[in-house]
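Enquirer: Sequence:
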Amino acid sequence: MKGMITDTMLELAFRFRDKELWRWLDDSDLFAFRLTDGQIVYCCVMGNAGSHHSLGCYIGGKGFTTYLNTLKLPKVSRLNGMALVTAFDCINIDFVQAADLQKEERSRVKEYAREHGIAIRRSYGWPDFSRFSSGRPPRTIDNVADAGYAEEALRAALAVAESLERQDMAELGFMHGGRYATERGGKLIPMLTPDGHGGYDWGMTKTPPAEEEDYPAPAFTSQTLICSVAALPPDGMCQCRAFRVSLPAVDSADDPLFYPMVMLLVEENGMLLPVTLTEHANEDASQMVVSLAEFLLHVLNKRPRSIAVTDMRTFNLLRDFCQRAGIMLVKVKVLKEMDYAVTSFCHQMGCF
Numbered sequence: 075m076k077g078m079i080t081d082t083m084l085e086l087a088f089r090f091r092d093k094e095l096w097r098w099l100d101d102s103d104l105f106a107f108r109l110t111d112g113q114i115v116y117c118c119v120m121g122n123a124g125s126h127h128s129l130g131c132y133i134g135g136k137g138f139t140t141y142l143n144t145l146k147l148p149k150v151s152r153l154n155g156m157a158l159v160t161a162f163d164c165i166n167i168d169f170v171q172a173a174d175l176q177k178e179e180r181s182r183v184k185e186y187a188r189e190h191g192i193a194i195r196r197s198y199g200w201p202d203f204s205r206f207s208s209g210r211p212p213r214t215i216d217n218v219a220d221a222g223y224a225e226e227a228l229r230a231a232l233a234v235a236e237s238l239e240r241q242d243m244a245e246l247g248f249m250h251g252g253r254y255a256t257e258r259g260g261k262l263i264p265m266l267t268p269d270g271h272g273g274y275d276w277g278m279t280k281t282p283p284a285e286e287e288d289y290p291a292p293a294f295t296s297q298t299l300i301c302s303v304a305a306l307p308p309d310g311m312c313q314c315r316a317f318r319v320s321l322p323a324v325d326s327a328d329d330p331l332f333y334p335m336v337m338l339l340v341e342e343n344g345m346l347l348p349v350t351l352t353e354h355a356n357e358d359a360s361q362m363v364v365s366l367a368e369f370l371l372h373v374l375n376k377r378p379r380s381i382a383v384t385d386m387r388t389f390n391l392l393r394d395f396c397q398r399a400g401i402m403l404v405k406v407k408v409l410k411e412m413d414y415a416v417t418s419f420c421h422q423m424g425c426f
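Residue 130 in the numbering used here sits at position 56 of the sequence shown, with consecutive numbering throughout.
Calculated directly from the structure, the hints in this document are not laboratory data.
Heads up, a few of these hints could be off.
Unchecked claim - For lysine-lysine, the following BS3-like pairs were computed, each having C-alpha atoms within a straight-line distance of at most 25 Å:
1. Lys-146 with Lys-261
2. Lys-149 with Lys-405
3. Lys-405 with Lys-376
4. Lys-146 with Lys-405
5. Lys-149 with Lys-410
6. Lys-376 with Lys-410
7. Lys-149 with Lys-136
8. Lys-184 with Lys-93
9. Lys-261 with Lys-280
10. Lys-149 with Lys-407
11. Lys-410 with Lys-146
12. Lys-146 with Lys-280
Said to hold, decoys possible - Estimated spans, in silico, between C-beta atoms of each pair:
13. Lys-376 with Ala-123: 48 to 58 Å
14. Leu-153 with Pro-290: 39 to 49 Å
15. Ser-380 with Ser-125: 44 to 54 Å
16. Phe-426 with Asp-174: 16 to 26 Å
17. Glu-245 with Leu-158: 30 to 40 Å
18. Glu-225 with Ala-304: 51 to 61 Å
19. Glu-287 with Lys-410: 18 to 28 Å
20. Gln-171 with Leu-147: 45 to 55 Å
21. Ser-380 with Pro-290: 21 to 31 Å
22. Pro-148 with Gln-171: 19 to 29 Å
23. Leu-158 with Asn-356: 21 to 31 Å
The structure displayed is predicted, hence computed values, not measured ones.
Virtual Cβ for every residue (Gly too), placed ideally from N, Cα, C.
Model the full assembly from the supplied sequences, consistent with the hints where possible.
Expert: What follows is the structure, given as structure tokens:
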């Protein structure tokens, strides 16, 4: 899908790059601002360490959970890290080298800079506007709403930079010193609200707590299929997990990339049984459960007495089906065999 990079976005991005706000702020020094549509955006300035130069924009509590999840990444397993990354929901305005941009975006930035007499900085001087959405790889901003959010975020960040040129950090409400926001919420950070005259009123707000993802719990509606599965001989226990893989798949020309969902079963003997891989970005969650029912019916020719899971995505997915099919669904903390199976599967897929 073609990107939407406006002249205003580029103008503001180049001004923001020149301010080098990361000289004052690190990735623990958050600020918030209110969008014209009333939503609150939480912003994180990256680049203080000298490598990744970026303005991260997290809309509302759901978006802010993405920021909190980025803090977890160095501490979690690759499997859990993949689950976090494939659910990111944010807008990033990164500053990169020319070679890091796609050809179309690079040409767009270069043309704007030439027309406006802007010398692009040699070090991380090329703006790159990315949209992260749950279930999808990052893509160049491609719609009016997100372009507007990026513009408003850059205006607020410029206001922060200009204020820091005149005032001390503490006077503006930045509690510099490395204390990061937590999942409990409640960290006090500066809050900018448009004053209606092109400026901002400064105040303070608290960071929100982390929000749990609302996983679908589909009702199983095929009575014929349920009766067929319930009539199968009960035998043994299986482990099951449904998860996204961080290997983008192509859906269609209009909506090309998404992270596929995979469902795996592991039998008591340790045998790994791939059940289904979603082929379309908008595939209904209930279709995955239908695939499981058909797998039990036509491949295993039995139904497990119980299915063990470790995560709420899989638990919600299977809850109604298992209840109707006479299968005990058990949620446990650890399934080592399944962790090993998922890791092996992801290695074979080239996810990590």
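Enquirer: All hints, please: hold or fail.
Expert: The hints, checked one at a time:
no. : hint                             : in the structure
1   : Lys-146 with Lys-261             : holds (17 Å)
2   : Lys-149 with Lys-405             : holds (24 Å)
3   : Lys-405 with Lys-376             : holds (21 Å)
4   : Lys-146 with Lys-405             : holds (23 Å)
5   : Lys-149 with Lys-410             : holds (19 Å)
6   : Lys-376 with Lys-410             : holds (24 Å)
7   : Lys-149 with Lys-136             : holds (21 Å)
8   : Lys-184 with Lys-93              : holds (20 Å)
9   : Lys-261 with Lys-280             : holds (5 Å)
10  : Lys-149 with Lys-407             : holds (18 Å)
11  : Lys-410 with Lys-146             : holds (21 Å)
12  : Lys-146 with Lys-280             : holds (20 Å)
13  : Lys-376 with Ala-123: 48 to 58 Å : holds (55 Å)
14  : Leu-153 with Pro-290: 39 to 49 Å : violated (21 Å)
15  : Ser-380 with Ser-125: 44 to 54 Å : holds (48 Å)
16  : Phe-426 with Asp-174: 16 to 26 Å : holds (21 Å)
17  : Glu-245 with Leu-158: 30 to 40 Å : holds (35 Å)
18  : Glu-225 with Ala-304: 51 to 61 Å : holds (56 Å)
19  : Glu-287 with Lys-410: 18 to 28 Å : holds (24 Å)
20  : Gln-171 with Leu-147: 45 to 55 Å : violated (23 Å)
21  : Ser-380 with Pro-290: 21 to 31 Å : holds (22 Å)
22  : Pro-148 with Gln-171: 19 to 29 Å : holds (24 Å)
23  : Leu-158 with Asn-356: 21 to 31 Å : holds (22 Å)
The structure shown violates the earlier hints numbered 14, 20.
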